[in-house]
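2 protein chains.
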Amino acid sequence: MRCNALLALIFVLPSMPSVAQPAPIFGLAIHGGAGTITRATMSEEKENAYRAALTEALNAGYKLLKAGGSSLDAVAAAIVVMEDSPLFNAGRGAAFNAGGQIELDAAIMDGRTQKAGAVSAIRTAKNPILVARAVMDRTGHVMLTAEGAEAFARAQGFEVMSHEYFFTPNRWESLKKEQERIRNNRPESESTEERKHGTVGAVALDQAGNLAAGTSTGGYTNKMAGRVGDSPVIGAGTYAANDACAVSATGHGESFMRLVVAHEIASRMRYSGLSLKDAAHDTVMNKLKAIDASGGVIAIDARGNVAMPFNTEGMYRGQVGADGEFKVEIYR
Amino acid sequence: MRCNALLALIFVLPSMPSVAQPAPIFGLAIHGGAGTITRATMSEEKENAYRAALTEALNAGYKLLKAGGSSLDAVAAAIVVMEDSPLFNAGRGAAFNAGGQIELDAAIMDGRTQKAGAVSAIRTAKNPILVARAVMDRTGHVMLTAEGAEAFARAQGFEVMSHEYFFTPNRWESLKKEQERIRNNRPESESTEERKHGTVGAVALDQAGNLAAGTSTGGYTNKMAGRVGDSPVIGAGTYAANDACAVSATGHGESFMRLVVAHEIASRMRYSGLSLKDAAHDTVMNKLKAIDASGGVIAIDARGNVAMPFNTEGMYRGQVGADGEFKVEIYR
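As given, the protein sequences belong to chains D and Y, one line each in that order. Numbering of the first sequence is given in this note's numbering, commencing with residue 221 and proceeding in unit increments. Numbering of the second sequence is given in this note's numbering, commencing with residue 221 and proceeding in unit increments.
Simulated from the structure, these hints should not be mistaken for laboratory data. Remember, predicted model here, so these are calculated numbers, not experimental data. No residue lacks a Cβ here, since even glycine has one placed at the ideal position from N, Cα and C. Some hints could be false.
Stated by the list, open to error - Some chain Y residues flagged as far from chain D (calculated, every beta-carbon gap over 10 Å):
1. Thr258
2. Asn317
3. Asp357
4. Thr365
5. Glu400
6. Ala428
7. Lys443
As the list claims (entries may be wrong) - Pulled from the structure, derived: some chain Y residues nowhere near chain D, Cβ distances all over 12 Å:
8. Ile245
9. Met262
10. Ala272
11. Val355
12. Phe378
13. Arg401
14. Arg447
15. Ile454
16. Ser475
17. Lys509
18. Arg523
19. Phe546
20. Tyr551
Claimed, not checked - Covered stretches of chain D, as calculated for chain Y (at least 3 residues, CB under 8 Å):
21. 334–347
22. 357–367
23. 452–464
Okay, chain D solo, but in the shape it has when bound (with noise of 0.2 Å):
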């Protein structure tokens, strides 16, 4: 009998450890704008720029994830590392509007309480995210715009920077292109497919189980001042509940708007049973297309299944789960 006891204990003590202590669970998914965006069109260095800064946004998130953050905190550190490069249409290296100037968007939710903060139309503030996150955090209001919102973003002691902080040349290019297009009535078709996309994104599970979903954005070049897009309206662009998934979108606002996207594949979930994989695809692959809607979506449900779904040539993207495995693509 001890001869027994010795042996199962033998072969028991291996396993124990995971017994006591599951593996933690949690994952992160990124996105920094979906177009097209083919291998025929981007150089070898742009190509690593883009790997390098998605794999850093990543890693931002991932830290906290690991050490048992939450998911709202990883959200907001993958979306502000994006922020700061120019390489993205938010932040720094947003896109110019009609009238030359930048207005940025920026939407977080927290899919545990279900609160959200928002914010459209700024122009100074270096990371709209973290000023979206104060709106939710200490006020009573899920969105505050333009003025309004800057005059809290100064209060509350946020970053302000200059108009020269956010230009890029690239982005005032572009919009110089654009309006010259109109002027020569040349075709939409003749629009750069860039002037169209660019928006970045997080959705995050967190090893208490937790999901959240954050979207910020310079909308698109040469959109009219005051135009508010998908990614600060809870429900179109940005939305996050536990007892579905966390949702960020980037495509063609208006579209998402109108269709309601990210609360779109929550209800799919809850009310058709269908899985994250099978409601974000659906969404995407067929209703944003049957209106020639172009985007995609980066969705996670509370099992840290993830989802990346688009319509376009390609979507700048990245996951990282428990297993500390980084995947950061591009094309196709």
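Place chain Y on chain D using the hints.
This is chain Y only, laid out in the frame that chain D set:
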């Protein structure tokens, strides 16, 4: 045989007109806000004024629908009447924000095309619902905000009004009372219920079978400058799609945004197979109640069924169908 044929003719004839020309189906429902509206707090004079204004708004939409006009036109016409009345918190009579200014939000959505238009935080347009309609009809955008939206309204020739036009003494008093309450650290419960509510909206089905929804509001008294509520957010306070329903909401806007209420009702009809009545009732009475959110919705489906659930003491509301019978109600 001749006699039988004659008899058949006699019995068939009276029902023939309804076979050749089926009775038209159309309908309109409106609301003027929900809250602690009880008989005890309402004078006969005030009640009569509200009933008259609601009837006038219903009639403006009804006339158009009866003549074969579109649900979009009927929704806009009904809302314009309520925006122009100082009784309702929309257009003239709007609530003041913390800075003593009015900032107006509105949205309209076409159930046939699922196109939509919205404005937020505008200060001078007499009829925000008409500016929202113009955003839908004359731009590629869904939402314009603040200065950009103002500039668009002026460029489109919309009537611009002074601060004095929008000013109503009772709203101003409501602001002063609320600010005094906060200065004296008196509890939220002493805040007048009236300050938290007030929005106008309309939903309609026209003879062509098309649905539309619209909502317009001044938000609530002492809101932060730049605060945007659910009214102009497609999916939250306003939504229409022919395959489901048209919805306009009123209540604690932030909660309606977090639950994406209008699109939630449509989703439960689409994916859970609920009737309009059950989907609207459960969302307002259970889902909103669960997060302590007060308010209500008006909703109509493609068969002309109307639902108007609210979880408050009262909701200014009215409906009329093809029978021409006007129903105007205030209390539970």
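task = Sort out which numbered hints this structure fails and list those numbers smallest first.
result = Violated: hints 2, 4, 7, 11, 14, 15, 16.
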